[in-house]
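Chain by chain, the residues run as shown.
2 protein chains.
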Amino acid sequence: MNGLSRKIYLELPLPTEDDPRSDQQRILDTLAAAGMKELVHIPVHILRKLYPLLDNAKWKITVSLAWNGEKWEVVEIEEGDTTAQHYGLAVDLGSTTVVARLLDCNNGAILKEVSCFNKQIQWGTDILSRIFYCKDNKEKLEEVRRATVESICECMDKLDASHSALSMVVAGNTTMIHFLLGMDAFCVFYTPHAVHADRPGFQLARDLDIPLKGYVYCYPSKSNYLGGDIISGMIDTELYKKDEISVFFDIGTNGELVIGNKEFLLCGAGAAGPALEGGVVRTGMRADVGAVDEVKICNGNIDVHVIGNPKDKYQIMHGKKTLQDNNKDTVQNCAQNIEEYLQENAKGKIEETMEITPQGICGSGIIDLIAELFLEGWIDIRGKLSPEKSPLIQERDNQLCVEYAPGLYFYQKDIDEFIRTKSAAHTMVEIMLRESGLDLNQADRFYVAGAFGKHVSKESAITIGMYPDMDRDHIINAGNSSLEGAQKLLLNRSLLNDIDQILEEMVYIQFAEVEDFLELMVAAQALPHTDYKRYPTVMEKLKERQKGIKL
Amino acid sequence: MNGLSRKIYLELPLPTEDDPRSDQQRILDTLAAAGMKELVHIPVHILRKLYPLLDNAKWKITVSLAWNGEKWEVVEIEEGDTTAQHYGLAVDLGSTTVVARLLDCNNGAILKEVSCFNKQIQWGTDILSRIFYCKDNKEKLEEVRRATVESICECMDKLDASHSALSMVVAGNTTMIHFLLGMDAFCVFYTPHAVHADRPGFQLARDLDIPLKGYVYCYPSKSNYLGGDIISGMIDTELYKKDEISVFFDIGTNGELVIGNKEFLLCGAGAAGPALEGGVVRTGMRADVGAVDEVKICNGNIDVHVIGNPKDKYQIMHGKKTLQDNNKDTVQNCAQNIEEYLQENAKGKIEETMEITPQGICGSGIIDLIAELFLEGWIDIRGKLSPEKSPLIQERDNQLCVEYAPGLYFYQKDIDEFIRTKSAAHTMVEIMLRESGLDLNQADRFYVAGAFGKHVSKESAITIGMYPDMDRDHIINAGNSSLEGAQKLLLNRSLLNDIDQILEEMVYIQFAEVEDFLELMVAAQALPHTDYKRYPTVMEKLKERQKGIKL
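In order, the protein sequence lines correspond to chains A and B.
Under this note's numbering, the first residue of the first sequence carries the number 1, and numbering increases by one thereafter.
Under this note's numbering, the first residue of the second sequence carries the number 1, and numbering increases by one thereafter.
If we strip away everything but chain A, and leave its shape as in the complex, we get (with noise of 0.2 Å):
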């Protein structure tokens, strides 16, 4: 391990008067015998602890120490030999939860993850509200960047031993690393776009009030809404390495791209819309326990799953007949979501047999329903909802809607905002590829990082036309990239001299500059695309749901 910090053990020569070097030297000295090469640092504190610690420990100590970007710092010092306990941490710093893990940094194991909400959500679910909750306002603020260290610390709590790792690394976008270190984020949103700090580095964590001995490593972005989440992402997926043509995107709120290899990386942001959290749609819910994450529509029923329940138990909204078969595959996606539930819950210990009703519907589920509607040709390719294609369908407040659940019903308008998303993210693909003179079956593999590329399903998001039609295998559920990305660089400080080389590599495409954005967005706004033939496979799809119909 070359990681952001070390543990060498030490058994010292002991003073005599042939040897009078002070504690400090003979400490320095003995750390390069046993090859430190880099300075190191002792800071006073450390000083301090050296007599009589030295004495009682025999001389035989272990040190630890931290990398602060140009040397090693010793942050601890111990008697005798401590070195197989050494921990860092690895922060994703999300706006709505904070994953944190602790690591075996002698060996790269992780320990243990744990997750909290991000006590920020009390000024508001989206990132704007918040910003404007503190926006010039220094009390504010500071309440704020005292929820976003908390929220950490929530995390450290449930990590024995974190209080005694030595580094972290703190991966986030740039408002949530504005915060964390307590700046106005105003600027993150508000044009030109100049942030405060995009490179904050190495900071002492008890300057961040983070009960840590050593420093906090924060991911650097790249610009306001290309945060320090995508480049831990880059560096976990290793897309600046590779010869092959990688897409890299991160959907929420909004949508982050990159698209490259080793020999050049394009990037961008872009409003992707909320409805991909739940946030537009009438009935839409965060991905919680009572949400609808999977959907599919079999003989006229709708089935769907719902977040809390077991992951083979589906719910069925009758259309014309009762379902036959449960299909269990489509509901495996769901596992994990649920074994999150039941750990959240571990003390009430939900009864299983105690089944949970449907309360809305989240992210995963919104993209099932509009797949299988359109498979089912209950909608058409512009979306259009068509009530003669079954009961479910119905018209209320002056729209139609289709009743996906009892009394839950996705309508109209829900899917249009729906479908101006997905066009969004797959218009801002489109334009990055052909900005690298590729068409969009030219890039080999497809990351989706996030809980969006952990829960969709693969074939609904194709099937809509967000993602392109490729070999499923291509496309890649990157996962919390930027938490493993985060682990990496803990892991191994070389990653550092990636990240400077990312950085500057990367190019920055602005949409808005593009000429015929607005043009391509409409192009993308039928389902799968108006181009049909970019979707093959969804067309196979369509003729076998729905015989005889003529493309």
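The set of hints was computed from the structure by calculation and includes no laboratory data.
Please note that a few of the clues may not be correct.
[Stated by the list, open to error] Computed footprint of chain B on chain A; a stretch qualifies when at least three of its residues, placed anywhere within it, have a C-beta under 8 Å from a C-beta of chain B: (1) 22-34; (2) 50-64; (3) 171-183; (4) 194-201; (5) 380-390.
Every residue, glycine too, gets a C-beta built ideally from N, C-alpha and C.
With the hints as your guide, set chain B onto chain A.
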């Protein structure tokens, strides 16, 4: 100026859509464009200040930077151009007195110099008492540390604008630096003399509880007895750069000695004996108000100057006759003493007519007294009092003594003690020169540092054989070379390399291991020395004062 701090005025280009660099990057880029070559770190507390400061300042700011050993750290950021106010502090952390200078770091001018007693004195005037007071007791050590810091803070309070200073350089002996940093200092005196830290380097001022924006640099020590004050003296006198060979001597309770030139440096230290600081002599006292600091024997009378009295005012201890003339020359040295006293007591405005009566005798007085006793023949070459020479020589408490002021007696034992001290000092110089293959008269310059060099009469010190009998102009009062060296470094950080070089080149001589040390010391116990030929000018004076003396 190429000092430990910089203030740079920047007119930042305004952020635009074409130039949306972060504030942080904008500052770093503009600093680079202004010629900043080294790495610059912006800590989080400064990042927090960027907004709205940059806006308010209309992007015209002054950046304050402090050197931390490897890179610059931004320690302050201000609106507009404040480069004219650029301050730094040089501190001599003496065991008795702390002296601090406020420097204008733009031009090196000394804006103000102040001093105060080291608050450690409450635990004893001698260092050992202080060391034992807090030995192995964390709470008491913290008391001593705080007293040390408070002494520096008291000086800072007396210096206007000192709190806006950026950097501080402190020079002090090894014990003082241990106490400043909060380290047990018993190691300094306890064999094998492996101290806890000898190169503390740059530490954050706030980590030392010193109210300063940037860093505090503590001069490193060569060994337990050869502290940062001496290394600082090297930087001041530039002994290590010269062709000719110099002797640098700092005489106090301990004597520290460096001999060398640009090709070699030998150093050593030894107990010179507390006699020099009035610690052993029965009526000895510090060079404070009421102390006899100059002595002249004239026509059988002893004329003394007392600190606190005007420089030309003296008191006469009548022997046989009445004094005819005031010898103004001999009291001139004392002028500075009084000026200091008057400054200290400025508020009280001492009445000029009031006569301070002598309370005891300080080091410079003792050396004068012994020199005069010797030149007058009142003591012989072994320092033995001859009662037949003056009615002022009497027997009290079963030993001879001389009444140098009304009711104040200097005893045979005091003389003997002092002669041991002066012979130790002489022998140290002799051995060091011999180790360099040189005779006493081959030293080209003889620097005497500290209060001793400042107050002691060169003639008297030569007369008793403490200094070599050399060209008086080559005996140089190095003054507070510890403070001067601190100032030089503050204003020129390239001297950090010189310090490394000095520490590397210096060879420490253990006097205790020199075989014939005792033998040489015995030879040096005669006045001025057993080997009369070493002191030709003293011989001349003897002949002049004692007509017909047989040498």
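We went through each hint and held it up to the structure:
1. 22-34: That given contact holds, which follows from 5 residues of the segment 22-34 of chain A lying within Cβ reach (below 8 Å) of chain B.
2. 50-64: With 3 residues close enough to chain B, the hint holds.
3. 171-183: This one holds; 3 residues, not fewer than the three required, reach chain B with a Cβ under 8 Å.
4. 194-201: holds (count 8)
5. 380-390: violated (count 0)
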